[in-house]
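This is what each chain is made of:
Protein chains: 4
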Amino acid sequence: MKTSVTTVTPIRVRGYHLDGYGHVNNARYLEFLEEGRWGYFDERPELFEVVKRAGVAFVAVNLNIDYRRAAVEGDDLQIETRLAELGTRSARMHQGIRRANDGKLVSSADVTFVLLDVAANKAVPVDGALREALMPLVME
Amino acid sequence: MKTSVTTVTPIRVRGYHLDGYGHVNNARYLEFLEEGRWGYFDERPELFEVVKRAGVAFVAVNLNIDYRRAAVEGDDLQIETRLAELGTRSARMHQGIRRANDGKLVSSADVTFVLLDVAANKAVPVDGALREALMPLVME
Amino acid sequence: MKTSVTTVTPIRVRGYHLDGYGHVNNARYLEFLEEGRWGYFDERPELFEVVKRAGVAFVAVNLNIDYRRAAVEGDDLQIETRLAELGTRSARMHQGIRRANDGKLVSSADVTFVLLDVAANKAVPVDGALREALMPLVME
Amino acid sequence: MKTSVTTVTPIRVRGYHLDGYGHVNNARYLEFLEEGRWGYFDERPELFEVVKRAGVAFVAVNLNIDYRRAAVEGDDLQIETRLAELGTRSARMHQGIRRANDGKLVSSADVTFVLLDVAANKAVPVDGALREALMPLVME
Numbered sequence: 056m057k058t059s060v061t062t063v064t065p066i067r068v069r070g071y072h073l074d075g076y077g078h079v080n081n082a083r084y085l086e087f088l089e090e091g092r093w094g095y096f097d098e099r100p101e102l103f104e105v106v107k108r109a110g111v112a113f114v115a116v117n118l119n120i121d122y123r124r125a126a127v128e129g130d131d132l133q134i135e136t137r138l139a140e141l142g143t144r145s146a147r148m149h150q151g152i153r154r155a156n157d158g159k160l161v162s163s164a165d166v167t168f169v170l171l172d173v174a175a176n177k178a179v180p181v182d183g184a185l186r187e188a189l190m191p192l193v194m195e
Numbered sequence: 056m057k058t059s060v061t062t063v064t065p066i067r068v069r070g071y072h073l074d075g076y077g078h079v080n081n082a083r084y085l086e087f088l089e090e091g092r093w094g095y096f097d098e099r100p101e102l103f104e105v106v107k108r109a110g111v112a113f114v115a116v117n118l119n120i121d122y123r124r125a126a127v128e129g130d131d132l133q134i135e136t137r138l139a140e141l142g143t144r145s146a147r148m149h150q151g152i153r154r155a156n157d158g159k160l161v162s163s164a165d166v167t168f169v170l171l172d173v174a175a176n177k178a179v180p181v182d183g184a185l186r187e188a189l190m191p192l193v194m195e
Numbered sequence: 056m057k058t059s060v061t062t063v064t065p066i067r068v069r070g071y072h073l074d075g076y077g078h079v080n081n082a083r084y085l086e087f088l089e090e091g092r093w094g095y096f097d098e099r100p101e102l103f104e105v106v107k108r109a110g111v112a113f114v115a116v117n118l119n120i121d122y123r124r125a126a127v128e129g130d131d132l133q134i135e136t137r138l139a140e141l142g143t144r145s146a147r148m149h150q151g152i153r154r155a156n157d158g159k160l161v162s163s164a165d166v167t168f169v170l171l172d173v174a175a176n177k178a179v180p181v182d183g184a185l186r187e188a189l190m191p192l193v194m195e
Numbered sequence: 056m057k058t059s060v061t062t063v064t065p066i067r068v069r070g071y072h073l074d075g076y077g078h079v080n081n082a083r084y085l086e087f088l089e090e091g092r093w094g095y096f097d098e099r100p101e102l103f104e105v106v107k108r109a110g111v112a113f114v115a116v117n118l119n120i121d122y123r124r125a126a127v128e129g130d131d132l133q134i135e136t137r138l139a140e141l142g143t144r145s146a147r148m149h150q151g152i153r154r155a156n157d158g159k160l161v162s163s164a165d166v167t168f169v170l171l172d173v174a175a176n177k178a179v180p181v182d183g184a185l186r187e188a189l190m191p192l193v194m195e
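First to last, the sequence lines map onto chains A, B, C and D. In terms of the working numbering, the first sequence opens at residue 56 and continues consecutively. In terms of the working numbering, the second sequence opens at residue 56 and continues consecutively. In terms of the working numbering, the third sequence opens at residue 56 and continues consecutively. In terms of the working numbering, the fourth sequence opens at residue 56 and continues consecutively.
Since the hints were made in silico from the structure, they are not lab data. Remember, it's a predicted structure, so these values are computed and weren't measured experimentally. Treat the hints with care, since some could be wrong.
Chain copies aren't distinguished; within one or between two, either way the pair holds.
As the list claims (entries may be wrong) - Below, simulated SDA-like cross-link-like pairs (lysine to any residue); rule was C-alpha separation at most 25 Å, straight line:
| id | residue 1 | residue 2 |
| --- | --- | --- |
| 1 | Lys107 | Ala184 |
| 2 | Lys177 | Arg124 |
| 3 | Lys177 | Asp121 |
| 4 | Lys159 | Ala82 |
| 5 | Lys107 | Asp182 |
| 6 | Lys107 | Asn117 |
| 7 | Lys107 | Asp130 |
| 8 | Lys177 | Trp93 |
| 9 | Lys107 | Val60 |
| 10 | Lys107 | Asn156 |
| 11 | Lys107 | Met194 |
| 12 | Lys177 | Gly70 |
| 13 | Lys159 | Gly75 |
| 14 | Lys177 | Leu189 |
| 15 | Lys177 | Val111 |
| 16 | Lys107 | Glu86 |
| 17 | Lys159 | Asn119 |
| 18 | Lys177 | Asn119 |
| 19 | Lys107 | Gly75 |
| 20 | Lys159 | Ala112 |
| 21 | Lys177 | Arg144 |
| 22 | Lys159 | Asp131 |
| 23 | Lys107 | Arg186 |
| 24 | Lys107 | Pro180 |
All chains should be built: construct the whole structure from the sequences, respecting the hints.
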């Protein structure tokens, strides 16, 4: 397991990721970003445990994505994921998608989450054990 | 509501349906077929009720699809859906995807389902009220 | 053809639109938004012609989406699409996704485009016949 | 590079792969299968070269898939891909999707391809250098 606050997830662009222009489709990037966030939790099983024990889920309330370069079939991409900000009632993750061969940014995104108490189905503050687990991971 | 045993669902091909060749991607056709099956139940709310009351679900166990022609952006497709066979423990739906302008077949598929008792999580025979509701819909 | 500056595109939520929580997946909303933008051009064939004649394409450079409510299977959604801003080198569309039965906003998004000269593969100003065609459609 | 005639491609099931039942959606398996076929060519760059030099493409004309078990979030799947049959005008690949932890088969599929001369846009026989390259890979 890595100790870096950033997780890097590799994805190779395939034919089914493309649209009619031969470029990765706008919607598909959101799946790449979700894959990166799952990878972030894969690398931090203890964090995943804290979240599960708290009975909460991170629910996206906003996503802001820049499309900078087109990615094409065969491109090796790296999805970079880190926790960028921790508020009292929300958290923001920053994600970048780079071409592995030249490091150029294909896309970058900020995703804002609220914490949902799954049983009560309502937003709750980010506090207690979860806050303690998340604080050391924040890097603006 | 129609009385025909075949339901026709229209779909217009869009950029996000295509792959890098500019053709509708193989996987996307399965979403078109699923859309057609939802449309089949939309046209038969009483059948949908019988299924719900029985606490069962149709679970696909086999799908056999022929790809005959490429569909491209702007094509108006018609998804035709009908019940083709009703066994004691399974059912088969036949679906065709045609271009609306010339009636040419783009794709055709057979989907075989078993009936799952959702609570018990096991396959059950197609009998009783459900069989009565389905029998008049069969057209090979 | 409508004369309104807003196009409304209906989509019914199906099983394949959902993720493991039983909610429409974040990425799928971007396909709903793209469907809405195709619908916008379907309603304005003369605008589509101007774009084609100019040899240009609208390329998304930023998308900012709020997720407000979860949509579930069977929900009838309305995708509202309009041109919200026209700069010298970019355009912004505003899109809303509402539940048809109560008008509540499920999601809203702003999508910023630049105009790409397809042959030269570079961004070009929004001017001439295209600007004339777009100006009357702007509603902030 | 492996010398086996079967390529094994790992995929971990994520939230965005699921449908409303919490199971991998039927259509998504076709993307898993396509991923497996790209992996097959990644492991055989010399075969990929022969195909490219011949100016041909493999176009799927039939897909027959059995759905045996539901896959759920977190499952580690292995996509097994091999060339199962080589006719004069078509080829068939056999693919299996297994759970890594117990080896149980989740799904299996046969995909039949014809060889398309891309420039002429017509089917051509599988012969010459391409046939020589493919023959040693066949395992029924």
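Each hint tested on the structure:
1. Lys107 x Ala184: Answer is within: at 12 Å inside a copy they meet the 25 Å cutoff, but 42 Å across does not.
2. Lys177 x Arg124: between (38 Å within a copy, 12 Å between copies)
3. Lys177 x Asp121: between (30 Å within a copy, 18 Å between copies)
4. Lys159 x Ala82: Answer is both: 20 Å inside a copy and 24 Å across each meet the 25 Å cutoff.
5. Lys107 x Asp182: within (14 Å within a copy, 42 Å between copies)
6. Lys107 x Asn117: Classified as within; 23 Å inside a copy, 33 Å across copies.
7. Lys107 x Asp130: between (35 Å within a copy, 18 Å between copies)
8. Lys177 x Trp93: within (23 Å within a copy, 31 Å between copies)
9. Lys107 x Val60: within (20 Å within a copy, 42 Å between copies)
10. Lys107 x Asn156: So Lys107 and Asn156 pass the 25 Å test across copies only (23 Å; inside, 37 Å).
11. Lys107 x Met194: Within one copy only: 23 Å inside a chain, 45 Å across chains, cut-off 25 Å.
12. Lys177 x Gly70: between (40 Å within a copy, 21 Å between copies)
13. Lys159 x Gly75: Answer is both: 23 Å inside a copy and 22 Å across each meet the 25 Å cutoff.
14. Lys177 x Leu189: within (20 Å within a copy, 42 Å between copies)
15. Lys177 x Val111: Answer is within; shortest intra-copy Cα gap is 10 Å, inter-copy 31 Å.
16. Lys107 x Glu86: For Lys107 and Glu86, only the intra-copy Cα distance (23 Å) is at most 25 Å; the inter-copy one is 30 Å.
17. Lys159 x Asn119: both (19 Å within a copy, 22 Å between copies)
18. Lys177 x Asn119: So Lys177 and Asn119 pass the 25 Å test inside a copy (24 Å) and across (24 Å) alike.
19. Lys107 x Gly75: Cα proximity of Lys107 and Gly75: across copies only (16 Å, versus 41 Å in one copy).
20. Lys159 x Ala112: between (33 Å within a copy, 23 Å between copies)
21. Lys177 x Arg144: within (12 Å within a copy, 42 Å between copies)
22. Lys159 x Asp131: within (11 Å within a copy, 31 Å between copies)
23. Lys107 x Arg186: Result: close within a single copy only, 14 Å intra versus 43 Å inter.
24. Lys107 x Pro180: So Lys107 and Pro180 pass the 25 Å test inside one copy only (16 Å; across, 39 Å).
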